[in-house]
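K.L.:
So you can see what is in the structure, the chains are spelled out below.
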Amino acid sequence: MAALLEIKNVDAGYGNIQILHQVSLHVKEKEVVCVVGPNGAGKSTAFKVIMGFINHMGGDILFDGKNIIGQRPDQILARGLGYVPQGRIVFNQMTVRENLDIGAYVERDKRKRLQSMEYVFELFPRLAERQKQMAGTMSGGEQQMLAMGRALMTRPRMMMLDEPSLGLSPRFVTEIFEKIVNLAREGLTIILVEQNAARALEISHRGYVLELGRNRFAGSGEELLNNEEVRRMYLGG
Amino acid sequence: MEKSEVRSIYLLAGFLVFAYALPFAVGVWTDSIFYDRQWLADLATVALSGLMQGGVYAMFAVGLTLIFGVMRVINVAHGELVVLGAYLTWVMFNMPEWLGIDVYVDPLLSMVVSLPLAFLLGYGIQKLLLNAVVGGPELTPLLITFGIGISLVNIVEWIFTTDYHTIPYEPDAIHLTASIAVGKNKVISFGMAFLISMSVYIFLKVARLGKAIRATAQNADVAMVCGINIYSIYMITFGLGAALAAAGGTLVSIQFGFNPETGLQYTVVAFAIIILGGRGNFIGALIGALMLGVIENLIAFMVPNGSAMVEIAAYGLMICTLLIRPRGLMGAKEG
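Chains A and R, in that order, give the protein sequences. When we follow my numbering, the leftmost residue of the first sequence carries the number 1, and every step to the right adds one. When we follow my numbering, the leftmost residue of the second sequence carries the number 238, and every step to the right adds one.
In case anyone wonders, no lab produced these hints; they're calculated from the structure. It is possible that some hints are incorrect.
[Stated by the list, open to error] Distance condition first, Cα-Cα at most 20 Å in a straight line; then the derived PhoX-like pairs of lysine-lysine:
| no. | chain 1 | residue 1 | chain 2 | residue 2 |
| --- | --- | --- | --- | --- |
| 1 | A | Lys-110 | A | Lys-132 |
| 2 | R | Lys-442 | A | Lys-110 |
| 3 | A | Lys-132 | A | Lys-30 |
| 4 | A | Lys-28 | A | Lys-110 |
| 5 | A | Lys-28 | A | Lys-66 |
| 6 | R | Lys-442 | A | Lys-132 |
Model the full structure from these sequences, guided by the hints.
P.N.:
Listed below in structure tokens is the structure:
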């Protein structure tokens with residue numbers, strides 16, 4: 001099966017400072033793939049270059065077989081690639097409902113937006129309870145759910161999650177991982193970056209280890225979990 | 238809220254009380270205050286017309302704060318857009334006479350034409366000149382708008398010379414009591430300003446496009462991954478800001494004199510207001526505008542030869558707010 005997302009030998013960085021060197025990875029349809037590695041490995045940078053936020057310096061980026069280099073994030077979203085940025089960023093001064101509605105800005109049909117909202121509320125009942133609440137007044141875990149719900153509003157084929165569990169309480173970490181597993185079961189293709197590497201590898205089909213902006217290891221979630229070197233370096237034993 | 242934040246808002250409030258008391262103190266000191274009914278009625282008249290003038294200022298300030306809030310661009314050409322709006326209204330008002338037709342074009346009606354024109358101009362400026370540099374160093378777009386402003390002054394001067402113009406409009410006064418009165422033109426422009434700023438406020442709160450503008454202001458990167466084309470939002474926002482400035486220009490033209498060089502004064506006024514109210518904050522801009530309008534009129538009224546001192550009010554408020562509480566009354570805390 002052809003890969004849904006594929007990046008090949010990508011160089012990228014901020015301004016003139018190169019961060020990614022010849023990074024390659026791919027995600028097949030309905031797969032859950034995670035990218036792990038120490039701080040500064042270029043995990044989030046890889047996501048940012050895919051979405052077109054930072055300088056692409058070389059290599060191929062293909063989504064659904066088509067080159068997406070040079071496209072704006074809103075155009076990439078319209079192709080079916082959703083993105084949940086790091087740090088549970090929501091529009092603080094808007095209600096939960098407004099946040100979700102904005103998430104589907106590309107969708108002109110109001111009925112379809114309402115359908116998507118129903119779908120998100122089913123997935124995250126807590127958001128349904130808090131529809132009219134200002135997003136800025138919710139807890140970190142709820143904001144992360146809102147950020148994920150917002151990215152699901154366009155019903156994307158694939159979702160990129162950047163550090164979904166970062167800074168959350170253990171209870172919410174568990175809940176967020178459960179949601180990711182549920183989404184994957186429904187057939188959503190997922191790639192995630194996680195500092196919580198052991199946990200992420202457990203739920204992933206495959207994983208990549210990046211180090212200093214280069215590919216270091218790749219393999220199935222299990223292989224990486226059992227790899228001596230990966231365990232010692234990134235999983236704390 | 239942090240302790241220093243609480244302290245700075247009290248300090249700013251204290252400073253504002255002091256600023257408002259200052260003209261009274263000067264008045265007492267120079268014996269220009271009389272403690273009789275007539276003087277009190279005059280004071281009420283002055284405060285009222287200050288409030289009315291603040292409404293006009295709100296038009297400039299709301300546009301400027303919108304542009305800053307969404308793009309973090311400081312539009313130094315804002316006052317020139319105000320003057321351009323005034324000229325457009327003046328031209329349309331006089332056009333029938335020049336053509337020898339006997340029709341009366343109401344200056345307010347001219348906004349039907351001048352606002353869309355200003356919107357297109359703003360849209361074009363953003364598209365052709367600013368979109369390429371937004372998001373880079375903040376000085377670049379500022380210098381570009383500075384250049385645009387100077388060019389506008391010169392173009393307007395080239396077409397219309399530096400003569401002062403004004404439009405005679407509803408010169409009667411409305412008497413609230415026997416001795417408190419305010420010009421009808423001022424009341425009408427205040428009402429107009431109120432109507433326009435409320436419409437824009439509701440548009441931003443309720444309309445889908447308005448929400449997209451607010452989303453872009455709050456976080457442009459996330460707005461993009463929601464599917465918002467922020468560059469198109471930028472163009473619309475600059476267009477909207479320019480149209481608001483032009484609306485302010487129309488309201489200026491029916492009560493004050495203007496010439497191509499008046500723009501700078503209005504740029505400063507708009508700056509002072511959005512700094513006082515909080516850069517990027519809509520309601521802050523409205524409050525700041527009313528406050529500046531009132532204090533300017535108080536100074537002109539109580540300080541002998543005060544009209545020469547009026548401009549100090551704007552500069553003074555701006556500088557002191559920046560020193561005491563840079564985010565102003567209602568602005569968001571800077572990163």
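K.L.:
Determine for every hint whether it applies to the structure shown.
P.N.:
Status of the hints after comparison with the structure:
{"no.": "1", "hint": "A:Lys-110 to A:Lys-132", "result": "holds, 19 Å"}
{"no.": "2", "hint": "R:Lys-442 to A:Lys-110", "result": "holds, 18 Å"}
{"no.": "3", "hint": "A:Lys-132 to A:Lys-30", "result": "violated, 33 Å"}
{"no.": "4", "hint": "A:Lys-28 to A:Lys-110", "result": "violated, 32 Å"}
{"no.": "5", "hint": "A:Lys-28 to A:Lys-66", "result": "holds, 14 Å"}
{"no.": "6", "hint": "R:Lys-442 to A:Lys-132", "result": "holds, 14 Å"}
Comparing the model with each numbered hint stated earlier shows that hints 3, 4 do not hold.
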